[in-house]
Amino acid sequence: VFGELLTDKTKKLDDQFWLEEAPEKLMQATDILDESEKFDAIVVDEGQDFNELWWASLQGMFKNPNNMEAYYVFFDPNQNIFNLEPTIPSDFQLYTLEDNCRNTVKIAEHCAGIIGKNYGVIDNAPIGEKPKIIKLKSIEEAFLKGFEEIGHWCSFAKGGLNWKQVVMFAPYKCINKWPEKIKNIPVTKDFDRWRDGKGVLITTWGKFKGLEADAIVIIESPDHQDNLTNANLYVSRSRAKYVLTVFQVESQKF
Numbered sequence: 001v002f003g004e005l006l007t008d009k010t011k012k013l014d015d016q017f018w019l020e021e022a023p024e025k026l027m028q029a030t031d032i033l034d035e036s037e038k039f040d041a042i043v044v045d046e047g048q049d050f051n052e053l054w055w056a057s058l059q060g061m062f063k064n065p066n067n068m069e070a071y072y073v074f075f076d077p078n079q080n081i082f083n084l085e086p087t088i089p090s091d092f093q094l095y096t097l098e099d100n101c102r103n104t105v106k107i108a109e110h111c112a113g114i115i116g117k118n119y120g121v122i123d124n125a126p127i128g129e130k131p132k133i134i135k136l137k138s139i140e141e142a143f144l145k146g147f148e149e150i151g152h153w154c155s156f157a158k159g160g161l162n163w164k165q166v167v168m169f170a171p172y173k174c175i176n177k178w179p180e181k182i183k184n185i186p187v188t189k190d191f192d193r194w195r196d197g198k199g200v201l202i203t204t205w206g207k208f209k210g211l212e213a214d215a216i217v218i219i220e221s222p223d224h225q226d227n228l229t230n231a232n233l234y235v236s237r238s239r240a241k242y243v244l245t246v247f248q249v250e251s252q253k254f
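Here the working numbering is used: the first residue of the sequence shown is 1, the next is one more, and so on.
Don't read these hints as lab results, they were simulated from the structure.
As the structure is a prediction and not an experimental result, all values here were calculated from the model.
Glycine residues also receive a C-beta, built at the ideal position from the N, C-alpha and C atoms.
Just so you know, not all the hints are guaranteed correct.
[Unchecked claim] Here are the simulated BS3-like pairs of lysine-lysine, each with C-alpha atoms no more than 30 Å apart in a straight line: (1) K183 x K135; (2) K106 x K25; (3) K145 x K132; (4) K106 x K241; (5) K209 x K106; (6) K137 x K106; (7) K137 x K183; (8) K63 x K132; (9) K25 x K207; (10) K130 x K183; (11) K189 x K130.
[Said to hold, decoys possible] Derived Cβ-Cβ restraints for the label pairs, each shown as a range: (12) N230 x N162: 30 to 38 Å; (13) E141 x K38: 35 to 43 Å; (14) L211 x E141: 21 to 29 Å; (15) D123 x F92: 26 to 34 Å; (16) K38 x K183: 45 to 53 Å; (17) P89 x L144: 28 to 36 Å; (18) D123 x Q252: 43 to 51 Å; (19) Q252 x K38: 48 to 56 Å; (20) E148 x F92: 33 to 41 Å; (21) Q252 x L211: 30 to 38 Å.
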């Protein structure tokens, strides 16, 4: 219980820093910057995660806050995993981007179904294979099956995928079960080592948000995760460009 209380307190402090202290520190920093050190243009990604104080703090980064014509924000309200009220500045002109440019047709269809939306893909998008959703009894079995799937994907004998093409998402609460190696395949939690092709990446989908990989294994466990919302499922599964396998662990809590 003490560990849970400590975790909650740490999370509240972390949230306070990002929601309040970080934008205030940015405003303090821009107040002392010379105009030559500021910017003519700003591009914001993941705009759905920004709150009102963050938008206010960005204005000080412009050389001329009264002329912010080169100011672009990309956002997806379906990826609102922090449960914030949308605060996109009201004076922005909105353009809707209809086509999915990342996923195969089958993965795009699957992800759109999670949030109950229609989907569109670019004309030359590959059809791909339907994502595999496999139900299992335990987290241990999910890791075992996940290792087997990755081993199959990366089998050199079968001309398999490079390690830097493959990622596993696993619950952080069972990090002690995360592997050091999958058969003869090295595993890493370090993004740079993964990008350099030195191992398959194992991480959480929260840390991987905004990124993508050719093939992804996801372990979902209600006993080890409290963020299995549609928004999180949509975010996690849409990271996979071509191949997606999801292992769903049945809850053992009664």
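- Message: With the threshold set at 30 Å, check whether the alpha-carbon distance from K183 to K135 stays at or below it.
- Response: Holds. K183 to K135 sits at ~23 Å (cutoff 30 Å).
- Query: If you check the beta carbons of P89 and L144, does the distance land in 28 to 36 Å?
  - Reply: violated, 49 Å
- Taking 35 to 43 Å as the hint, is the beta-carbon distance of E141 and K38 inside that range? This hint is violated: roughly 54 Å between Cβ atoms.
- Verify the proposed pairing of K25 with K207, using a straight-line Cα cut of 30 Å. holds, 23 Å
- Indicate whether the distance between the beta carbons of Q252 and L211 respects the range 30 to 38 Å. The hint (30 to 38 Å, Cβ to Cβ) holds, given that Q252 and L211 are roughly 31 Å apart.
- Assess, step by step, whether the Cα of K130 is no farther than 30 Å from the Cα of K183, and give holds or violated. Holds: K130 and K183 sit about 27 Å apart, inside 30 Å.
- Task: Just tell me: holds or violated, for the beta carbon distance of D123 and Q252 against 43 to 51 Å?
- Result: At 46 Å between Cβs, range holds.
- Given the range 33 to 41 Å, decide if the beta-carbon distance of E148 to F92 lies inside it. With a Cβ separation near 47 Å, E148 and F92 fall outside 33 to 41 Å, so the hint is violated.
- Status of the given 21 to 29 Å range, CB of E141 versus CB of L211: holds, 27 Å
- Query: Under the criterion that the straight-line Cα-Cα distance not exceed 30 Å, is the pair K106, K25 satisfied?
  - Reply: With Cα atoms ~44 Å apart, K106 and K25 exceed 30 Å; violated.
- Mind checking the hinted window 45 to 53 Å against the Cβ distance between K38 and K183? holds, 52 Å
- Query: Using the C-beta atoms of Q252 and K38, is the stated range 48 to 56 Å upheld?
  - Reply: holds, 55 Å
Hints 2, 8, 13, 17 and 20, counting from the list given before, are not met by this structure.
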